Structure formats: structure tokens, C-alpha cells
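A.B. asks: Numbering (our numbering), first residue to last: 155 to 302.
Rather than coming from a laboratory, the hints here were simulated on the basis of the structure.
Predicted model only: the values in this text are computed from it and were never measured.
Glycine residues also receive a C-beta, built at the ideal position from the N, C-alpha and C atoms.
Worth double-checking, as some hints may not be accurate.
[As the list claims (entries may be wrong)] Computed spacing ranges between beta-carbons, pair by pair:
1) P297 x I238: 22 to 28 Å
2) D208 x N289: 22 to 28 Å
3) D174 x A209: 49 to 55 Å
4) A219 x F273: 23 to 29 Å
5) G269 x I238: 30 to 36 Å
6) N263 x T212: 18 to 24 Å
7) N247 x F287: 49 to 55 Å
8) A209 x G240: 18 to 24 Å
9) E215 x R250: 25 to 31 Å
10) I238 x R211: 24 to 30 Å
11) A219 x G240: 20 to 26 Å
12) A234 x P297: 16 to 22 Å
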Amino acid sequence: MTEDHTGLDESDLQAERQWDEARARKRFTIAALAIALLIPCAGIPMLLSWLIPDAERTLREAKSAQAQLEMQSLLGLVEAREAITGLQVESLNQVRGAGSQTPGTDPWNGSYRLGRNEFGYPFIESAGPDGRFGNEDDLRNPPKPGTQ
Numbered sequence: 155m156t157e158d159h160t161g162l163d164e165s166d167l168q169a170e171r172q173w174d175e176a177r178a179r180k181r182f183t184i185a186a187l188a189i190a191l192l193i194p195c196a197g198i199p200m201l202l203s204w205l206i207p208d209a210e211r212t213l214r215e216a217k218s219a220q221a222q223l224e225m226q227s228l229l230g231l232v233e234a235r236e237a238i239t240g241l242q243v244e245s246l247n248q249v250r251g252a253g254s255q256t257p258g259t260d261p262w263n264g265s266y267r268l269g270r271n272e273f274g275y276p277f278i279e280s281a282g283p284d285g286r287f288g289n290e291d292d293l294r295n296p297p298k299p300g301t302q
């Protein structure tokens with residue numbers, strides 16, 4: 155940018171230079187302030203992006219552990235009832251009595267399901283996080299042979 159300095163004396167030119175320097179310092183100060191404010195603000199989402207997946211994974215693992223404990227408890231009730239009565243339990247409702255502390259739903263608000271393996275032994279299933287039986291996120295107690 156070229157400026158016409160005709161008709162200005164030395165003191166006017168010096169004042170104009172000082173004014174330009176002050177404006178440049180002000181721009182630098184505003185830019186420095188913006189950067190100083192943006193770095194921590196940008197850092198918080200970045201930090202959260204690291205923490206949230208860990209929290210989600212921990213919650214997912216905790217829900218799976220809770221489901222396994224509940225299924226183990228249900229399976230124990232099924233096996234105990236069958237041992238006492240000598241009759242095969244057909245539904246989980248048969249082991250859930252009035253005032254029972256037995257879970258009615260899994261941690262994802264789906265129903266547990268009673269099944270039998272090829273030898274007739276009972277197992278308990280949860281459809282897992284997606285709520286649909288028959289895919290990889292299903293949980294089972296005891297686990298299918300060869301799986302964990």
C-alpha cells in the first residue's frame with residue numbers, strides 16, 4: 155500500500171509511523187489474545203475426545219459385567235428349581251416370584267431369555283446393547299463352547 159506523504163513535515167511523518175506501529179502492535183495483541191483463548195478452548199474438546207471413548211468403553215464393559223452376573227443368578231435359580239421340583243423350567247417367569255430381586259431386564263432394558271443347549275442344559279441369553287438376538291454382541295451364560 156503506497157501512501158502519498160506530500161505536504162507532511164518530518165514530525166507528521168514520525169507521528170504517522172508511530173500510529174502505524176501502534177496499530178500493528180494492537181493487531182498483534184488481539185491475535186495473541188485470540189490464540190491464547192483458542193488454545194485452551196480447543197484443548198478441552200480434544201481432551202474430551204480422548205476421555206469420552208474411554209468412559210463409553212468403561213460403561214459398556216460395566217453393563218456387560220452386570221448382565222453376566224444377572225444371567226449367572228438367573229441360571230442358578232433355574233438349576234435350583236429344576237433340582238428341587240424335578241421338572242424342567244420352561245420360562246424365566248417360573249423363577250421370578252412375588253417380591254423377587256431377580257432382574258427382569260438386562261442393563262440395556264431388553265429381556266433375558268432362557269434357552270437349552272443340544273444336551274438339554276439351560277443357559278440364559280441377553281441380546282446385548284443392540285437389543286437383537288443372533289449377532290456378535292449377544293451375551294450368554296454359560297458361554298457357548300469355544301467363546302468367552
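A.B. asks: Does each hint hold? Answer for all of them.
C.D. replies: Verification of the supplied hints:
{"no.": "1", "hint": "P297 x I238: 22 to 28 Å", "verdict": "holds (26 Å)"}
{"no.": "2", "hint": "D208 x N289: 22 to 28 Å", "verdict": "holds (25 Å)"}
{"no.": "3", "hint": "D174 x A209: 49 to 55 Å", "verdict": "holds (52 Å)"}
{"no.": "4", "hint": "A219 x F273: 23 to 29 Å", "verdict": "holds (27 Å)"}
{"no.": "5", "hint": "G269 x I238: 30 to 36 Å", "verdict": "violated (21 Å)"}
{"no.": "6", "hint": "N263 x T212: 18 to 24 Å", "verdict": "holds (19 Å)"}
{"no.": "7", "hint": "N247 x F287: 49 to 55 Å", "verdict": "violated (18 Å)"}
{"no.": "8", "hint": "A209 x G240: 18 to 24 Å", "verdict": "violated (48 Å)"}
{"no.": "9", "hint": "E215 x R250: 25 to 31 Å", "verdict": "holds (27 Å)"}
{"no.": "10", "hint": "I238 x R211: 24 to 30 Å", "verdict": "violated (41 Å)"}
{"no.": "11", "hint": "A219 x G240: 20 to 26 Å", "verdict": "violated (33 Å)"}
{"no.": "12", "hint": "A234 x P297: 16 to 22 Å", "verdict": "holds (21 Å)"}
In terms of the numbered hints stated before, the structure departs from hints 5, 7, 8, 10 and 11, listed from lowest to highest.
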